[in-house]
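*Asks:* Residue-level listing of the chains:
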Amino acid sequence: MSAAVPVLLDIRGVSRRFGGLLAINEVTMALEAGVITTLVGPNGAGKTTLFNLITGYLAPDAGEVLWKGRSLRGMPHWAIARLGIARTFQDLRLFTHMSVEDNVLTVMERSSWLWQPGGRRAERAKRARAAAILEMTGLSDKARVRAIDLAYAERKFLSLARIMATDAELWLLDEPASGLDLPSYERFLELLRSKAREGITVCIIEHNFDIVQRISDRIVFLDQGRLIADGEPKAVLADPHLANLYFGEHAA
Amino acid sequence: MIAYAMNLATLIAINAILAITLNFIMGYAGIFSLAHALFFGVGAYTAAWIAMHVSADFFLTVSGAALLASLLSLALALPALRVREVYFVAASLGLQVLGSTVFAEWKSVTGGIGGVIGIPPAELFGIPLSDPHAFLALALACLTFVIAVTYGLVRSSFGRSLTAIRDSESAAAAYGKNVALIKTLAVVVSSALCAVAGALYAFYLSFINVESFVLDTSILLMAMVIIGGTGTVLGPIIGTVLLLLLPAGLSYLSFLPHTEIGSIQQMIYGLAMVVLMIFRPGGLVGGRSLGERK
Amino acid sequence: MLFLQLLVNGIQVGALYALTAVGFSLIFGSTRIFHVAHGATFTLAGYVFYELYSVAGEPWIAALAAATAGAGIFGVLVDRLVYAPIQRHEGSFFTVFVASFGISIVVQNLVGTAFGRGFVSISSPLSRSVELAPGLYAPPTAAISVLAAVVCFVGLHFFLTRTHIGMALRALSENPDLVRVFGLDPRRLSSYAFALGSLLVVPGALLTGATAGLSPALGNHVMLISLAATIVGGVGSLRGAACGGLLLGLAENLALWHLDPQWSEAVTFVVLFLFIIFRPAGFFGRVATQ
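Residue numbers (the numbering used here), protein chains in the order written: chain A, 1 to 252; chain B, 1001 to 1294; chain C, 2001 to 2290.
Check the hints yourself; a few may be wrong.
[As the list claims (entries may be wrong)] Covered stretches of chain B, as calculated for chain C (at least 3 residues, CB under 8 Å):
| # | segment |
| --- | --- |
| 1 | 1085-1091 |
| 2 | 1095-1104 |
| 3 | 1259-1266 |
| 4 | 1269-1275 |
[Claimed, not checked] Computed list of lysine to any residue pairs in SDA-like fashion (alpha-carbon distance at most 20 Å, straight line):
| # | chain 1 | residue 1 | chain 2 | residue 2 |
| --- | --- | --- | --- | --- |
| 5 | A | 126 | B | 1154 |
| 6 | A | 126 | B | 1156 |
| 7 | B | 1107 | C | 2265 |
| 8 | A | 126 | A | 115 |
| 9 | A | 195 | A | 129 |
| 10 | B | 1107 | C | 2259 |
Just so you know, these hints were derived from the structure itself, not from any lab. C-beta: ideal position from N, C-alpha, C; glycine also.
One chain only, chain A, in its complex shape:
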């Protein structure tokens, strides 16, 4: 990573409290374009909360989040999403009563009005793109199936398809691969890797050591709301204390 790689997301001294609990404690980190970062830490360390703070779902009590140099303070959740930051949820939150195809289509439909701009041509391009995404995620033959009727692995891929349908430059993935069987898992990783090669910046919350080793360029350690390590996986995990924190949580 050369020093000239632009910083897309700049998190500066962000803190957030819930009642008496300091969930995020002055976290400072930067996400650079094209870099895959894994966010690790024990349960309750604040990883999902950090995602919520970045995407504007929660407002920080202190500190700032900057996207391409511009502060996101005060921006509504949906506006931040439109800037190019997209996320998935640990509990997926698929649009359960819509078909797979509609789940993907609706993400591409940005206009809040009663119709979408662009007419017929835009409509066709949109559907073609949706079909391509379903092809990539292996959901083509399930296009008309309702999300609520999908199998577990298919739901995970639909969650990925949804985020692919956004034009986001930054993907925040919350445990995207957990619970997948081995072949699905391999397919998933390959898809992620190819997206990263296309230049998408990815930040993944995962407990899976395999992901950390195989595809992440960088690892960030969070514990009790504090950022305690940030660097290349090999280097970070060489620290016995951190390795213990990580493995101790997930022995065998």
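For chain A, the structure is supplied; the task is to place chains B and C on it using the hints.
*Replies:* Leaving out everything else, chains B and C in the frame of chain A:
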């Protein structure tokens, strides 16, 4: 007998428009409104006023009614949709009660408790529609129009946005949906079309008063949508038919005291609501699922 | 002098509204259930007392006990028999709301069929007004209302801060998941919330019956006020609901200084609207815009 059937059919058509438009926000967007009867009333009074002071042309009166109802619904939606759903229910309730009082007190426009009498028949391209057959045709045409518009919207990108919001509001926002704006639009569309029913009602009866536009009416409409089935096209129509035929049906049961029919009717649909919500929240047509919220 | 009279009336009504509103807020805060049927609880309590005391001539203590027990049992039954099965199957906000609504419709009409749709009054020597000053009348019920409110609030405060169940209820309204972690059963706690919240309507029901009178539709009105008070006071704050209730009672009566009576219900909603527009968090609540 024919006259009776035609009368019933016309009323069913008008009420079906009300139920369908309420279902549009309740069943698809997940917005609970107790003010639907109010917009019905606004539509009716506006149409009556225009018919009596400007022109009884159907398109003109309906447009005026829809416009006023839309503006009023904006006043409700803009503040109340920013925050949690509880607030919208409360605000709509408040608006309905406030509105009924205004209807009853604003004598110069609404005729107060006495209401508005002598509304001229609607004119279509200059021809007054005083024949009940012609009017029924008009009502059915309007019903078809409303069904076409709502169904068209539901199948469109807007409909997808609504369903997305209903299924998971947080995810919809996370994927760039301006939830408040979309919900507001849904409310405006619903109120505007609801006013069409108001205009029809005013022309049909030639007389309107506040009694038709009170909270009890809003509750009846809600019952129609819920019992018939939210989030479906057929559901509200079935609900309307059932609940309008209920009083007639009850009057055949001679062991029921005549004075209490109104109460018994309400008890039946109150009970139906409870039982359905436990076993079949999607209503008679919808089935088991109503949609979860996150 | 009219102003003072309206003020006195407002305080009496406000104290009773405060009690009912706190009951609603307690239930909503701990269980997140929009218990529209709270108004039905009010109606039932009032009419049970009326039937036993004014119609059957039983001693008021017995009637009070019956009304209290009736209110509590009704609240718990609705929770167990209606809300619990719904929450097991799907339990969205709407499903519960609609079911609750259905219950209040059924109760309102049952009562109307049994007792008639007009007002009935619980006559008692306590409702006879005493002239405190020229032109200023207050019945003893006014003082009793305020006293009852104070006593109930003190008792509630004690219950919520000193007893195990009370503290568990508070924990439930802050963080439902945490409660499960501590080995408590949210379902059973919810029944406690319903019992307690429902009991709080009893003073309001009886005293309203003794002053303005009862009618089947009154439950609706009380429900609207409780809802408005909860929002005005701030969702999640019992203190707020009490203040909201008092404020609305005062507003409803002071409005009569300049407006005709039919506008007094509308005034409640104007107040509600203003809060929703300018201060959705209410007096003491925490804003949750998403």
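*Asks:* A separate judgement is required for each hint: does it hold in the structure or not?
*Replies:* Cross-check of the supplied hints:
Against chain C, the segment 1085-1091 of chain B contributes 6 residues with a C-beta closer than 8 Å to a partner C-beta. That satisfies the three-residue criterion, and the hint holds. Under the rule that three or more residues need a Cβ within less than 8 Å of chain C, the assignment of the segment 1095-1104 of chain B holds, with 6 such residues. Counting residues of the segment 1259-1266 of chain B whose beta-carbon sits less than 8 Å from any beta-carbon of chain C gives 4, enough to reach three: the coverage restraint holds. For the segment 1269-1275 of chain B, the stated coverage by chain C is satisfied: 6 residues place a CB nearer than 8 Å to a CB of that chain, which reaches the threshold of 3.
Under the criterion of a C-alpha separation no larger than 20 Å, the hint pairing residue 126 of chain A with residue 1154 of chain B is consistent with the structure, at around 18 Å. For the hint linking residue 126 of chain A to residue 1156 of chain B, the alpha-carbon distance of about 13 Å falls within 20 Å, and the restraint holds. Taking the CA atoms of residue 1107 of chain B and residue 2265 of chain C, the gap is near 19 Å; set against the 20 Å cutoff, the hint holds. As the CA atoms of residue 126 of chain A and residue 115 of chain A are separated by approximately 14 Å, the hinted pair is consistent with the 20 Å bound.
Our distance criterion of 20 Å between C-alpha atoms is met by residue 195 of chain A and residue 129 of chain A, whose separation comes to about 15 Å. Distance hint between residue 1107 of chain B and residue 2259 of chain C is fulfilled; the C-alpha atoms sit about 16 Å from each other, no more than 20 Å.
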